[in-house]
Amino acid sequence: MESGRPLRPTLRDVAVLAGTSIATASNVISGRQGKYVSEKLRQKVLEAAADLGYTPNLLARSMKGKSRKMIAMLVPELYNTIYMRMVVGAERVFNDRGYLMLICSTMGDPAREEGYIQSLLAQQVDGFMLAISPKGAVHVGKIERMGVPYVVLDRPYEADYPYDSVAFDGGGAVAMAVGHLYGKGHRRIGFIGPVMPEFADRRRSFSSTVEKLGLKANDCPLYLGYPTEEEGERMVLEFLAGRSCTALVIGHHIIGEHVVRRMREAGLEVPRDASVVIVGNPVWAEMAGPGFTAVELPHPELGEIGAGRLIDRIEGSTDAKRAILVDCTMAERASVADIREGTGADVV
Numbered sequence: 005m006e007s008g009r010p011l012r013p014t015l016r017d018v019a020v021l022a023g024t025s026i027a028t029a030s031n032v033i034s035g036r037q038g039k040y041v042s043e044k045l046r047q048k049v050l051e052a053a054a055d056l057g058y059t060p061n062l063l064a065r066s067m068k069g070k071s072r073k074m075i076a077m078l079v080p081e082l083y084n085t086i087y088m089r090m091v092v093g094a095e096r097v098f099n100d101r102g103y104l105m106l107i108c109s110t111m112g113d114p115a116r117e118e119g120y121i122q123s124l125l126a127q128q129v130d131g132f133m134l135a136i137s138p139k140g141a142v143h144v145g146k147i148e149r150m151g152v153p154y155v156v157l158d159r160p161y162e163a164d165y166p167y168d169s170v171a172f173d174g175g176g177a178v179a180m181a182v183g184h185l186y187g188k189g190h191r192r193i194g195f196i197g198p199v200m201p202e203f204a205d206r207r208r209s210f211s212s213t214v215e216k217l218g219l220k221a222n223d224c225p226l227y228l229g230y231p232t233e234e235e236g237e238r239m240v241l242e243f244l245a246g247r248s249c250t251a252l253v254i255g256h257h258i259i260g261e262h263v264v265r266r267m268r269e270a271g272l273e274v275p276r277d278a279s280v281v282i283v284g285n286p287v288w289a290e291m292a293g294p295g296f297t298a299v300e301l302p303h304p305e306l307g308e309i310g311a312g313r314l315i316d317r318i319e320g321s322t323d324a325k326r327a328i329l330v331d332c333t334m335a336e337r338a339s340v341a342d343i344r345e346g347t348g349a350d351v352v
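Numbering follows my numbering, with no gaps: position 295 of the sequence shown is 299.
Heads up, some of the hints might be wrong.
[To be verified] Simulated restraints on C-beta separations:
#	residue 1	residue 2	range
1	S71	V199	20 to 30 Å
2	M200	G119	22 to 32 Å
3	D223	R72	49 to 59 Å
4	Q122	Y165	16 to 26 Å
5	K220	E51	49 to 59 Å
6	R326	P138	13 to 23 Å
7	G145	D316	20 to 30 Å
8	R72	K220	50 to 60 Å
Note that these hints are calculated values from the structure, not bench results. The beta-carbon is built from N, C-alpha and C at its ideal position, and this holds for glycine as well.
Required output: the full structure, derived from the provided sequences and hints.
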């Protein structure tokens, strides 16, 4: 039965595109010594291989066409508990369905991502789970051309071809946070969040939710930056300079860590001086006083859904490729003051 996948490019395809023999193409790609090939022809062969997405097959011929029951999962960093929770969710599904998972930590480096993808394609893994850097998205095209199933996690990217992805509804999470603060009487709500392009949905959602609720844009400023201590300090200083907001939505958990620390150093008390809701629910949000209200991003579920989707593809599913958004939930704690009239709370 036909699998419906594109055929992987062969050495013959490379040779034809480069206008040379299979033997010469093989010598160039294998780096075999003692066989003279002009530099011009060598470059033509290498360019043809790159254009076709050709990867030498390191497996024995007896493995050809057979599933290895092996999945590769690429994540930026293993010491980040968020990615580890994704890995745990995915591994549970793969194990239940008889697949072995290889975990590769790329450190968010596009060159490492490319190297892993190249090597894993050569090993003929059955599929990929990819949590990749924005710049690394270009390397996914090689997997696409090879016809190997894959699912992108957490960070969908722009492409001229459809692909399967599973991500949090980041915009929905921000809207939930703003709505929660609005329900507690806050009308001057600021947003401190990431400036990176992959988080644009969170920024747009904040602005659109504020508008839908009839709040004034001038009363709901955005403070944007990168998830570093220096940027956290800068954004807090900007917030203090204005001091018009009674509440903050912090649009990223790492930024949240830096911002909360800087707020405390500046003598601000949560929720007395400012109410706070964090998008993302890191361990410290529950442990740090007073206990921070947070929008829970279900990382294990993301891994589980992505793994199930990938296995379905490997085992022959031909339904349309699509983006799946996973809903978030609110973990309410003590970082939001209720300033509605009649509650007895003081308006900041």
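Here is how each hint holds up against the structure:
The hinted range of 20 to 30 Å is not satisfied by S71 and V199, whose Cβ atoms lie roughly 43 Å apart. For the hinted restraint 22 to 32 Å between M200 and G119, the CB-CB distance of approximately 24 Å keeps it satisfied. Distance hint for D223 and R72: a CB-CB separation of about 58 Å, consistent with the stated range 49 to 59 Å. Here the CB-CB span from Q122 to Y165 is close to 20 Å, well matched to the stated 16 to 26 Å.
For the pair K220 and E51, the supplied restraint of 49 to 59 Å holds, since their beta-carbon distance comes to about 57 Å. For the pair R326 and P138, the supplied restraint of 13 to 23 Å holds, since their beta-carbon distance comes to about 21 Å. Against the hinted window of 20 to 30 Å, the Cβ-Cβ separation of G145 and D316 comes to about 22 Å, which satisfies the hint. For the hinted restraint 50 to 60 Å between R72 and K220, the CB-CB distance of approximately 59 Å keeps it satisfied.
Hint 1 from the earlier list is the only one contradicted by this structure; the remaining hints agree with it.
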